[in-house]
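Q: With the hints as constraints, model all of the structure from the sequences given.
Letter by letter, the sequence shown follows residues 0 to 354 in numbering that gives the first Met the number 0.
Derived from the structure by calculation, the hints contain no laboratory data.
C-beta: ideal position from N, C-alpha, C; glycine also.
Don't take each hint at face value.
Heads up, simulated SDA-like pairs for lysine to any residue below, C-alpha to C-alpha not over 25 Å straight-line [said to hold, decoys possible]:
id	residue 1	residue 2
1	Lys1	Ala151
2	Lys294	Leu326
3	Lys129	Asp97
4	Lys328	Gly343
Distance windows between CB atoms, simulated [unchecked claim]:
id	residue 1	residue 2	range
5	Thr315	Pro117	29 to 37 Å
6	Asp324	Asn178	48 to 56 Å
7	Lys279	Asp52	51 to 59 Å
8	His50	Asp231	37 to 45 Å
9	Asn248	Thr315	22 to 30 Å
10	Met45	Thr261	47 to 55 Å
11	Asp182	Ser140	21 to 29 Å
12	Leu99	Lys51	45 to 53 Å
13	Thr315	Gln213	36 to 44 Å
14	Thr257	Phe211	47 to 55 Å
15	Phe211	Gln167	31 to 39 Å
16	Gly339	Gly259	19 to 27 Å
17	Gly339	Phe211	47 to 55 Å
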Amino acid sequence: MKFCELIEGKQEYRLSFIGGSITYGSGSSDITEGKTKRYSSLFTKMIGNAHKDVKFTEINSSVGGTPSSFGLFRLKSEILDLNPDFLFIEYAVNDTGDYLTMPKYFEAIIRTARRWNPKLPICVLFAYSKELVSYFEGKDSHYPIEIQSKIAKAYGIPTINMGYDMWQRMIDYGGDFLNFTIDNVHPNDAGYACYVDTMMREIHKADFGFDFPQEPITGREFTNPGIYACQDHPIPEGWLLSTKTLWENPLKYIHTDTPGVTYEMSFEGTAFALMTRMEKDGGMVEVWIDGKFIKKTPFWDRHSLFFDRNAFDLVTDKLEYGRHDVLIKVLDEKPSSPEGHSEGHVIRIAAMLYA
0 MKFCELIEGK
10 QEYRLSFIGG
20 SITYGSGSSD
30 ITEGKTKRYS
40 SLFTKMIGNA
50 HKDVKFTEIN
60 SSVGGTPSSF
70 GLFRLKSEIL
80 DLNPDFLFIE
90 YAVNDTGDYL
100 TMPKYFEAII
110 RTARRWNPKL
120 PICVLFAYSK
130 ELVSYFEGKD
140 SHYPIEIQSK
150 IAKAYGIPTI
160 NMGYDMWQRM
170 IDYGGDFLNF
180 TIDNVHPNDA
190 GYACYVDTMM
200 REIHKADFGF
210 DFPQEPITGR
220 EFTNPGIYAC
230 QDHPIPEGWL
240 LSTKTLWENP
250 LKYIHTDTPG
260 VTYEMSFEGT
270 AFALMTRMEK
280 DGGMVEVWID
290 GKFIKKTPFW
300 DRHSLFFDRN
310 AFDLVTDKLE
320 YGRHDVLIKV
330 LDEKPSSPEG
340 HSEGHVIRIA
350 AMLYA
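A: Set out below in structure tokens:
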């Protein structure tokens, strides 16, 4: 099925986008709503100009520095619950190096979306980064692109390699990456415009299928992804709710600097993760599930010496499917690295993630 057939007879059409900082628009001159120069917004506007009888709207759910696994946990509440008509997925750049966990989570995004709507059109996007140049030159392989392409093909999903076209454009302009990116990864306005040129050309040529293999290609199924936002639940003794939200995210976080304080919750699934805030005074917690110690999780690393940021920690995805009880205990420890150490033991948690 072609794109024109997908929108035939539609008066409104909601385009949803999930991915990392490139999908968010980092590097563009303006990300203000209604003025943004990121590719998702530019594409929504341009496709609307090409099909004036349809009102296209954008749903952008992107978080910088996060991989496919984080996207799966957020998919239902931030994309599917908004009833999209189309889903774009962009994670190949952020999934680079995550060879063990990426395939099953990337496929789970597709399977979750298709269970929600078996006829949901999906398109996988590949962006540019300097690590991909040898792949574009035909000198090296790139596992995320290759495995995501294989998974997409099994589900009848087209792929669009925006990054390859931008790399070719860089060569045309003398090979200087600053003509199209700010740092050899994040596009500038010219780079995002280049991405949209590719999307507009390829979207109308693409064939959209709606296959759903009975068994996952990767052999792993996640049937219940979701987010347990701490702000929406009673705040336990010893914790406080922040007065500000996460960076580029509407969620507030709970915080404490009292060792021994705990937080308990339950979920149904096989995987558990934390959505947190890393700052220079971050501490350490122990995570226990069903009475068993799982791991220690730091809320500080060497990057915290230079900037604060949101963080994602996949605690475990090796649980038997069922209901699980989680206990998080704040420790009297200050994380450290060869480059330095934390200034405190503050814990900041925005959400518990499960699948």
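Q: Does each hint hold? Answer for all of them.
A: Hints, one by one, checked against the model:
1. In summary, the hint linking Lys1 to Ala151 is supported, as the alpha carbons are separated by about 16 Å, within the 25 Å threshold.
2. Taken as a hint, the Lys294 and Leu326 pair is honoured in the structure, with Cα atoms around 11 Å apart against an allowance of 25 Å.
3. Between Lys129 and Asp97, the direct Cα distance comes to roughly 17 Å. Compliance with the 25 Å bound is thereby established for this hinted pair.
4. For the hint linking Lys328 to Gly343, the alpha-carbon distance of about 16 Å falls within 25 Å, and the restraint holds.
5. At about 30 Å, the beta-carbon gap between Thr315 and Pro117 stays in the expected band of 29 to 37 Å.
6. Checked against the hint of 48 to 56 Å, the C-beta distance between Asp324 and Asn178 comes to roughly 54 Å, which is consistent with it.
7. The hinted range of 51 to 59 Å is satisfied by Lys279 and Asp52, whose Cβ atoms lie roughly 53 Å apart.
8. Separation of His50 from Asp231 is about 38 Å and conforms to the stated range, judged on CB atoms against 37 to 45 Å.
9. A C-beta distance of roughly 23 Å is found between Asn248 and Thr315, which places it inside the suggested range of 22 to 30 Å.
10. Here the CB-CB span from Met45 to Thr261 is close to 51 Å, well matched to the stated 47 to 55 Å.
11. The given range of 21 to 29 Å is respected by Asp182 and Ser140, whose C-beta atoms sit roughly 24 Å from each other.
12. Range check, Leu99 to Lys51: Cβ separation about 47 Å, and the 45 to 53 Å hint holds.
13. About 27 Å separates the C-beta atoms of Thr315 and Gln213, a value inconsistent with the hinted range of 36 to 44 Å.
14. In this structure the supplied range 47 to 55 Å holds for Thr257 paired with Phe211, their Cβ-Cβ distance being about 48 Å.
15. Under the hint 31 to 39 Å, the C-beta atoms of Phe211 and Gln167, about 35 Å apart, fit the expected range.
16. Look at Gly339 against Gly259: about 26 Å separates their beta carbons, and that is inside 19 to 27 Å.
17. Separation of Gly339 from Phe211 is about 49 Å and conforms to the stated range, judged on CB atoms against 47 to 55 Å.
Hint 13 from the earlier list is the only one contradicted by this structure; the remaining hints agree with it.
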